[in-house]
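Chains as they are written, first to last, in the working numbering: chain Z, 1390 to 1811; chain V, 1390 to 1811.
Some hints here could point you the wrong way.
Since the list can't tell identical chains apart, any single copy or any two copies may satisfy a pair.
[Unchecked claim] Keeping only pairs whose Cα atoms sit at most 16 Å apart, straight-line, the calculated EDC-like set for lysine to aspartate or glutamate is:
no., residue 1, residue 2
1, 1795, 1610
2, 1779, 1748
3, 1795, 1663
4, 1795, 1615
5, 1572, 1711
6, 1572, 1612
7, 1779, 1636
8, 1795, 1714
9, 1795, 1711
10, 1572, 1714
11, 1795, 1419
12, 1572, 1663
13, 1572, 1615
These are computed hints drawn from the structure, not numbers from a lab.
Take a look at the letters that make up each chain.
2 protein chains.
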Amino acid sequence: MTEMLSALALAEAVRTGRLSPADIAERCADAIAAREDEIGAFAAIDLDALRVAGRAPGLTEGRLTGLPVGIKDIIDTVDFPTARGSAIYDGHRPAADAAIVRMVAHAGGLIAGKTATTEFAFLNPTVTRNPHHAGHTPGGSSSGSAAAVAAGMLPLAIGTQTGGSVIRPASFCGVAGYKPSYKLLPTIGVKAFSWSLDTVGLFAARVADLAFAAGAITGRDFDLRDAGQPPRLAFVTTARAEQATPDAHAALDQAARAAERHGAHVVGLQLPLEVEAADAAHNIIQSYEVALALADEYDRHRDRLSPVLRDYLEAARGVSPEHYDEARRTARRARHAAADAFADFDAVLTFSAAGEAPEGLTTTGSPIFNRLWTLLGAPCVNVAGLRGGKGLPVGVQVVGRFGRDKAALNIARFLERAIAAD
Amino acid sequence: MTEMLSALALAEAVRTGRLSPADIAERCADAIAAREDEIGAFAAIDLDALRVAGRAPGLTEGRLTGLPVGIKDIIDTVDFPTARGSAIYDGHRPAADAAIVRMVAHAGGLIAGKTATTEFAFLNPTVTRNPHHAGHTPGGSSSGSAAAVAAGMLPLAIGTQTGGSVIRPASFCGVAGYKPSYKLLPTIGVKAFSWSLDTVGLFAARVADLAFAAGAITGRDFDLRDAGQPPRLAFVTTARAEQATPDAHAALDQAARAAERHGAHVVGLQLPLEVEAADAAHNIIQSYEVALALADEYDRHRDRLSPVLRDYLEAARGVSPEHYDEARRTARRARHAAADAFADFDAVLTFSAAGEAPEGLTTTGSPIFNRLWTLLGAPCVNVAGLRGGKGLPVGVQVVGRFGRDKAALNIARFLERAIAAD
């Protein structure tokens, strides 16, 4: 494995004059040249253009100091084609950058290239391979974003999550991943799948890098210097616990013990039935909305959809508005019930994924340990550092309170340090 | 004035065999040919194609039975260019239809053409003229949609509202206009201005036509056959009452008296301070979001923006995330306070606009009597039938409870009938 690039450390090196943006662009371009043939993290990349862009004047003025950033290929960019993981959009050139792309640029980030996505961020896999073992999936749908950071090709990458598309690949690739509170980052210019769920997120080497990038991009306070008290954590395995592998259980237990040894108060918590019920509502909401969001592609280009997506869209058309409304009410009740259940805790500690990355590239794994938290709109952070029986990464997930993203990242960093010190 | 086309009556005529979809397409094409030079309702229209489309087989199968529908030009269409009222997008051809366009097509509507919009649905006027008096504005931003229905060119048109862009032009043009509950109709493929506020809406000749179209397009129950009890109405003039003209006050009073004569219970209600406070939050939320939604256009094409939009975007960049969050909290508190304040009422009766359509085409009028209701996410209906001192239409607005759109339309129809019977 190549060493990962810390966004925070690189920006600090630029600020103190030890590195220039051009040095960093070179380093990224070299890493991509060395490993991209094996990994396949990019849907569009131009290494010469990246090197040239790193020499542009003024890059050190923004907080991101010219750090190269990968953009998931369902996100519109003017300077790169945006194929959305679909033959329908092969070579498609959007007329405008997505809002998040402009935010990255305003913060001083270099738009390095487009990272591979599953088809429309659904389940049909990309060619991307897991940097920890090329025979395994990197997870999806933000496959290329997670892999590019894990392989040391980029210090930062943008992804999206509708089910588990940030936290799962971050877990499989052993990187820090952050799905913000719903709508913290704008989805304007991101190909929609399910507008009640689609959330723009970030990948970086470690939690401190995520917080640095989130602060730079949003202009919000994500300063983690004050770590605060050791957290009170609700240890949650959910009604789907038996679908987690022994590796996943072992990692979660190990994370909990590490947190306790560092002063955290960890209490096992069974989710209220009203919260568990929302897990099934996710698919109903997603189905109803994607049938509308991808109606044009289904109507005009059905033959160029993957069978898995075509079948899903066919079934999705059968979800009635009444069924959808009922699912939304279930979700609303679950948000209230979760707020009550977690009132005495700072965050939830739970699985990031069902285990290590599955072998092969025919599946990107399952979002069963992510859907509920996406539906609740809560900030989620994957904490890396643990490994499973095959030696592949197994992340654990910190879920914070809606709108309290900085606190969630602070707890994730606490946990990351506790695991590393163990 | 040409007579307006009733969607409900035309669909009934097709179902009973008195008219064919081709007859209706012909009638619309003839009306457009006769009046479009004067009105300027369309951004893109092809009358020959419309006539041909009306002869396609199978049109009578959908509930809309081949009725021609106008689509506001900030909404993506494959078959027509989508210029968004901006020189930046002159001749722009989207790769996919917006979700609402596919919904209209699935319901059996003919996509007739693109209706003129102000620049990105903001304030810079179109060339569209008011069908009731060509020297007056039709209102904005859904100028062409309102004018096309008012001029008898189309039985139905799709618009959007972020401030007052459905209800205001409906009021000025004397047509029925419906801004649904927030997110009832999907905004996927609609050029975003402010994602917390942008709402897709409908224009038609009368309220029964709106309900018919809403039911056909969404597959939801909008059946108004059971009128129910005469409503309990909260008569609300808001803290901005003195900015309404005597015409607007007279129309609102007249509507209230007509409702009372038909059995409604009408009670004057002062809005709670927490609700009034949300009016100022609208602009903060809109500013913060549009600075991101139109970031690319501002960054790359500033010289092709109108001065009014450019200045607005410049100021909008100064709204901090903290200021935005505070405005969102204000909006949330207002939604709860409004639910309490209106608990004893079926709907609010209030101004649709400040008065008759202003003279000239330099302004599309003010959204000051619409912003608050858009921010609350409540269903709003413009009820036409009254006129001001210059003989131009003055609408009144029915505001229902969030998610109770059918009830709001039912009350609007009650009021429309009461006004007509007066």
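Do the hints match the structure? See the list:
With identical chains, the CA atoms of residue 1795 and residue 1610 are at most 16 Å apart within one copy only, with a shortest distance of 8 Å there and 43 Å across copies. For the identical chains of this complex, residue 1779 and residue 1748 are intra-copy neighbours only, at 10 Å inside a copy versus 76 Å across copies, given an alpha-carbon limit of 16 Å. Proximity of residue 1795 to residue 1663 under the C-alpha cut-off of 16 Å is found in neither arrangement, the shortest distances being 27 Å within a copy and 29 Å between copies. For a Cα distance limit of 16 Å, the shortest separation of residue 1795 from residue 1615 inside one copy, 11 Å, qualifies, whereas the shortest one across copies, 52 Å, does not.
For a Cα distance limit of 16 Å, the shortest separation of residue 1572 from residue 1711 across copies, 15 Å, qualifies, whereas the shortest one inside one copy, 25 Å, does not. Within a single copy, residue 1572 and residue 1612 get their C-alpha atoms no closer than 20 Å, and across copies no closer than 34 Å, so neither meets the 16 Å cut-off. Taking the closest pair of Cα atoms, residue 1779 and residue 1636 come within 16 Å of each other only inside a single copy of the chain (9 Å); across copies the shortest separation is 78 Å, beyond that limit. Only between protomers do residue 1795 and residue 1714 lie at most 16 Å apart by alpha-carbon distance; the minimum there is 15 Å, versus 32 Å within a single protomer.
When the C-alpha separation of residue 1795 and residue 1711 is checked against a cutoff of 16 Å, the pair qualifies only between copies, where the shortest distance is 14 Å, while the shortest distance within a copy is 37 Å. In this assembly of identical chains, residue 1572 and residue 1714 lie within 16 Å of each other by CA distance solely across copies; the values are 12 Å between and 20 Å within a copy. In this assembly of identical chains, residue 1795 and residue 1419 lie within 16 Å of each other by CA distance neither inside one copy nor across copies; the values are 33 Å within and 61 Å between. Proximity of residue 1572 and residue 1663 under a CA criterion of 16 Å is satisfied in neither setting, with 24 Å inside one chain copy and 24 Å between copies.
For the identical chains of this complex, residue 1572 and residue 1615 are neighbours neither inside a copy (26 Å) nor across copies (39 Å), given an alpha-carbon limit of 16 Å.
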